Amino acid sequence: YNEINDGFKTIDKTNQQTIRNFIQTFTKKGNRAEIE
1 YNEINDGFKT IDKTNQQTIR NFIQTFTKKG NRAEIE
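What the sequence shown shows, in my numbering, is residues 1 to 36, in sequence order.
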């Protein structure tokens with residue numbers, strides 16, 4: 001059970017980081033679009 005939970009925690013961290021990166025990239029693109 002612990003190994004499975006650790007696996008999910010690792011996946012959650014990876015997903016959160018990916019989502020943050022995606023939001024940052026999306027926000028930057030949105031800002032550029034507004035400026036242009």
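The set of hints was computed from the structure by calculation and includes no laboratory data. Keep in mind that this is a model prediction, so the values were computed, not measured. Built from N, CA and C at the ideal position, the CB exists for glycine as well. Just so you know, not all the hints are guaranteed correct.
[Claimed, not checked] Quick list of the computed label-pair ranges, beta carbon to beta carbon:
{"#": "1", "residue 1": "Lys-29", "residue 2": "Asn-2", "range": "38 to 44 Å"}
{"#": "2", "residue 1": "Ile-23", "residue 2": "Asn-2", "range": "27 to 33 Å"}
{"#": "3", "residue 1": "Thr-25", "residue 2": "Asn-5", "range": "27 to 33 Å"}
Structure-based check of all given hints:
no. : hint                         : in the structure
1   : Lys-29 <-> Asn-2: 38 to 44 Å : holds, 41 Å
2   : Ile-23 <-> Asn-2: 27 to 33 Å : holds, 31 Å
3   : Thr-25 <-> Asn-5: 27 to 33 Å : holds, 30 Å
When held up to the earlier numbered hints, the structure conflicts with none and fits them all.
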